[in-house]
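S.K.: Residue numbers (my numbering), protein chains in the order written: chain A, 5 to 138; chain B, 6 to 748.
Source of the hints: derived by calculation from the structure; they are not laboratory data. Note that the coordinates shown come from a computational prediction; the quantities given were computed from them, not determined experimentally. Beta carbons are placed, not taken as given, at the ideal position from N, Cα and C, and that holds for glycine. Treat the hints with care, as some may be off.
[What the hints assert, rightly or not] Calculated cross-link-like contacts (lysine-lysine; reagent style DSS-like; alpha-carbon spacing at most 25 Å):
(1) A:K129 <-> B:K553
(2) A:K85 <-> B:K274
(3) A:K87 <-> A:K109
(4) B:K280 <-> B:K307
(5) A:K35 <-> B:K542
(6) B:K553 <-> A:K85
(7) B:K610 <-> A:K109
(8) B:K478 <-> B:K490
(9) B:K612 <-> A:K109
(10) B:K610 <-> B:K683
(11) A:K129 <-> A:K116
(12) B:K478 <-> A:K87
(13) B:K347 <-> B:K281
(14) A:K87 <-> B:K267
(15) B:K374 <-> B:K182
(16) B:K610 <-> A:K38
(17) B:K240 <-> A:K40
(18) B:K347 <-> A:K38
(19) B:K245 <-> B:K267
(20) B:K388 <-> A:K38
(21) B:K724 <-> B:K587
[Unchecked claim] Pair by pair, the computed Cβ-Cβ distance ranges are:
(22) A:D105 <-> B:G566: 26 to 34 Å
(23) B:N537 <-> A:K87: 41 to 49 Å
(24) A:S127 <-> B:G585: 40 to 48 Å
(25) A:T120 <-> B:D544: 20 to 28 Å
(26) B:L577 <-> A:R23: 26 to 34 Å
(27) A:A134 <-> B:L545: 55 to 63 Å
Here are the chains, one letter per residue:
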Amino acid sequence: MITTKNQKAMKILVVDDERDVEMLFRQKFRKELKTKNLELVFAFSGSEALNLLEEKHPPDVAYIFSDINMPGMTGLELLEKVKLRFPKIKISMISAYGDSDNYNKAMQSGAKEFFTKPIDFDSLKTEVKALMNI
Amino acid sequence: MKNKFKILAGFILIIFHSQLMYAQNTKIDSLDNLLISATSDTARINLIVEKVELISSFNLDSAINLATKTLAEAQRIGFHKAEVTLRKRLVYNYSYKGNFSAALEQLNDLEQIIIPTNDSLEYAGVYAGWGIYYGIQSKYDSSIYFYEKSIFIYERNDIKDQLGRSYSNIAIGYQQKSNFPMALYYQQKSLKLREENENESGQAYTLVNIANTYLSMGDIERSEEAFLKSIELAKKTELKNVELYAYTNLSSLYFDEEEWQKSFDIAMKAAELGKKMGDQGIQAASLAKASRALVKMGQAEKARKISEKAIAIADSSGQPVNISQANASMGYLLLSEKNWGKAIPFYESAFEAVKDADIFTPNIGMLYKELSTCYENTGSYSKALKLYKQYATNSDSVWSKENVQKATELAMNFEFEKKEQSAKARQAQKDEIARTRQIALIIGLVLSIIIILGSLRAYYNKQKANTLLREQKKEIERTLSKLKKTQSQLIQSEKMASLGELTAGIAHEIQNPLNFVNNFSEVSNELIDEMNEEMEKGDLDEAKAIAKDVKQNLEKINHHGGRAEAIVKNMLQHSRSDGGVKVPANINKLADEYLRLAYHGLRAKDKSFNSDFKTDLDASIGEVNVIPQDIGRVILNLITNAFYAVDERNKNTNDSNYKPLVLVSTQKKGKLVEIIVKDNGNGIPDEIKDKIFQPFFTTKPTGKGTGLGLSMSYDIVTKGHGGKLKVESKEGEGTTFTIEIPV
């Protein structure tokens, strides 16, 4: 489990089985992380993400970005569980498969946004900034 | 033959055969008995006609009396057939008696009653009558003429007994004209016919005449043989007249052979028999012969008496030859006594008697010679010369080489023919045996041919069967090669199918590293900008930190580029159809890649599919010598199957706690490397466990699987790598496939 230095900053969880995602996110949000307004945490599977969320009551994670295609628990399964257990946490899906099945299922399950890979970091930044302004 | 050209002393007495039936005294007795009980006139006349025929063979006068009497009766009741037979008989008997006017009268009457009938066979009978009438008068040209006519009719109607008689009688004419070839020709025909008919009395007649011909030719041996045979048959059949003629002529033969006593004895025997039979002609001739024999024996007085008696009897017989012969015998006696002058009138009488006859025999020639001698000795040289010339002409003609040769040839031919016949009989027997053998041979041959044909047929059938077998073999081979081709195509399509199934997964697996490449290069670009900003601000530490990140990013770009490249490489290798070569390969990496490929492939295809998967890879196995694409295929196949199995179970189970899991692990075990693919699916039912490696065996629905995956995997592991592919399965617990590859 990786956490940011600033505990006061807004915490976002990224779930993806590709470990290099963390490095990419940290570099993309380098400025935001530097101003200490944003904190990023990473989980590499659905179950790992749930474990992380269970650590604090209520969890300090405000927002989750999750991949759909993962071995074991998929992003959609994670979405359902998060929505069930932590209804306050907003969650958006990022998928390589931008088909209507996945999209509809995600939206029905209460996903805030549906992003397709390759990730458009500009729109992702906009989403994060909008979240931070709240 | 020493006597071949010797002139015979005395005439050969000839006998015309006229009997329809043959003399048997016992038969006459039985006929008399029948006559007593005969009821009708015709039956009685028929019996009498038969009796006349029989009597004719030994007593001409009685026969003539009885015939004349019966003829009147037959005429009275209009019995045509009997009338014809009786008149014919009278013609013969009058002729024998020398009563030619009576014979001629009968002949004319015969013609009168036969003409209206227009019956050719009855005409033939009349012709034969004329033949005898002229023949006995020694008018042989006429005799031959009529006999030819009768023979023509008889031959046309194939009347064998009449032909035998006519042949024999026409031959007498030829013989008397010294035409031996023709004589023998007809006599042989006659004898042959009568031998065929087993007519012994007929043979006796013919033989006596044949003997005469041989005698005329000077062929003594054959002549004597024929005479003796004739006598034997004549006695056997009670044929007195033939016996008589044979005796008298045999006498001439013995005379010719200078056996005087023998000649005399037999001549006297003939004379006596002739007298008994009332045949004066033959009696006279026999006496004449006896006289000559006596002359030779030096008994002149006895000879004179006998010759005188002969002349007297001959004159009353009216037969020219016999008259001539009787007179000549007296002439001969006087000649031997050198009483030339007295001899001449007798000789002249002898010639006078035969002047109208067509006789041209050696006897006549002899008479010319004897008379010539008489004239010579009495000084009548011109007469002597003339007569001698006639003798010479006669002799030349009679003894002409051609005549005798031809006849001899004929005689020889006849014997040869007989020998030939017996030879033929023997030959026929031999032929029969040969034929039997031939038939056996032919049967053998035919059987052989059948066997050969059968064998040929069998051989042909076998060939045909072989050809068929060869064709079938070719067909099977063609089919096999087609199947092999199809199989390789199937394997290829199986490869492509497994790849196709994974296309989406592959795309995903490529897309991910490409995304990283793009993202890392993009972010690096941004970082360079920031780094410049920091450097302008003078914050070198921050710039250095950014530079460090950029360097890291470049490494990531390289890493993900390599990842994409490896996937593409594997994909190409996977679809390659040619047999690869063994190269050292990282089995762990291979297993990991294919696991991901399979997972993402199945995920991409079926959104509902999900399964956890884990790897437990033994880093110590290092690189193993394998054909990477082949082992990759096997691993992919086993993993795909494992995912399918867990997904099936997941979809059909009510157990919410069921977590599908596929575990891929590697481990080193001595000289073996094991690759284990384990799933927690339904497991393989026992009943199909031993079928799973068979080609085309599949439990998947139609169109979902080729059924070649495991069989292909089995071949790759066992044949391609000398390893083993093991399966362990428990229903409801899962399946474990283990690949063992020797290091």
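S.K.: State for each hint whether it applies.
M.R.: Status of the hints after comparison with the structure:
1. Annotation: proposed proximity of K129 of chain A to K553 of chain B holds, straight-line Cα distance about 23 Å (limit 25 Å).
2. A C-alpha spacing of about 174 Å is found between K85 of chain A and K274 of chain B, which places the hinted pair above 25 Å, so the restraint is violated.
3. For the given pair, K87 of chain A sits about 13 Å from K109 of chain A by alpha-carbon distance, which is consistent with the 25 Å threshold.
4. At most 25 Å may separate the alpha-carbon atoms for a hinted pair to count; K280 of chain B and K307 of chain B meet this at roughly 19 Å.
5. Note on K35 of chain A and K542 of chain B: the hinted pairing holds, with a Cα-Cα distance of about 16 Å set against a maximum of 25 Å.
6. A hinted pair counts as satisfied when its Cα atoms are at most 25 Å apart, and K553 of chain B with K85 of chain A does not qualify at roughly 39 Å.
7. Proximity of K610 of chain B to K109 of chain A is assessed by CA-CA distance (about 17 Å); at most 25 Å being required, the pair is judged to hold.
8. Among the hinted pairs, K478 of chain B with K490 of chain B is consistent with the structure: their alpha-carbon atoms are about 18 Å apart, no more than 25 Å.
9. Note on K612 of chain B and K109 of chain A: the hinted pairing holds, with a Cα-Cα distance of about 11 Å set against a maximum of 25 Å.
10. For the given pair, K610 of chain B sits about 22 Å from K683 of chain B by alpha-carbon distance, which is consistent with the 25 Å threshold.
11. A distance of roughly 15 Å separates the Cα atoms of K129 of chain A and K116 of chain A; the hinted pair therefore holds under the 25 Å criterion.
12. Between K478 of chain B and K87 of chain A the alpha-carbon distance is near 72 Å, which puts this suggested pair outside the 25 Å criterion.
13. For the suggested pair K347 of chain B and K281 of chain B, the alpha carbons sit about 33 Å apart, so the restraint of at most 25 Å is broken.
14. The hinted pair formed by K87 of chain A and K267 of chain B fails the criterion: a straight-line CA distance of about 177 Å is larger than 25 Å.
15. A C-alpha spacing of about 19 Å is found between K374 of chain B and K182 of chain B, which places the hinted pair at or below 25 Å, so the restraint holds.
16. Proximity of K610 of chain B to K38 of chain A is assessed by CA-CA distance (about 42 Å); at most 25 Å being required, the pair is judged violated.
17. Straight-line distance between C-alpha atoms of K240 of chain B and K40 of chain A comes to about 181 Å, which puts the hinted pair past the 25 Å bound.
18. Straight-line distance between C-alpha atoms of K347 of chain B and K38 of chain A comes to about 208 Å, which puts the hinted pair past the 25 Å bound.
19. Distance check on the hinted pair: K245 of chain B and K267 of chain B sit about 20 Å apart at the alpha-carbon level, within 25 Å; holds.
20. A distance of roughly 200 Å separates the Cα atoms of K388 of chain B and K38 of chain A; the hinted pair therefore is violated under the 25 Å criterion.
21. Of the pairs offered as hints, the one joining K724 of chain B and K587 of chain B holds, with about 13 Å between alpha carbons and a cut-off of 25 Å not exceeded.
22. In this structure the hint that D105 of chain A and G566 of chain B lie 26 to 34 Å apart at CB holds, the actual value being about 31 Å.
23. N537 of chain B and K87 of chain A have their C-beta atoms about 44 Å apart, which keeps the hinted 41 to 49 Å range intact.
24. The beta-carbon spacing between S127 of chain A and G585 of chain B, approximately 46 Å, falls within the hinted interval of 40 to 48 Å.
25. Here the CB-CB span from T120 of chain A to D544 of chain B is close to 37 Å, at odds with the stated 20 to 28 Å.
26. Distance hint check: the CB atoms of L577 of chain B and R23 of chain A are about 27 Å apart, consistent with the given range 26 to 34 Å.
27. Distance hint for A134 of chain A and L545 of chain B: a CB-CB separation of about 35 Å, inconsistent with the stated range 55 to 63 Å.
This entry does not satisfy hints 2, 6, 12, 13, 14, 16, 17, 18, 20, 25 and 27, going by the numbered hints stated previously.
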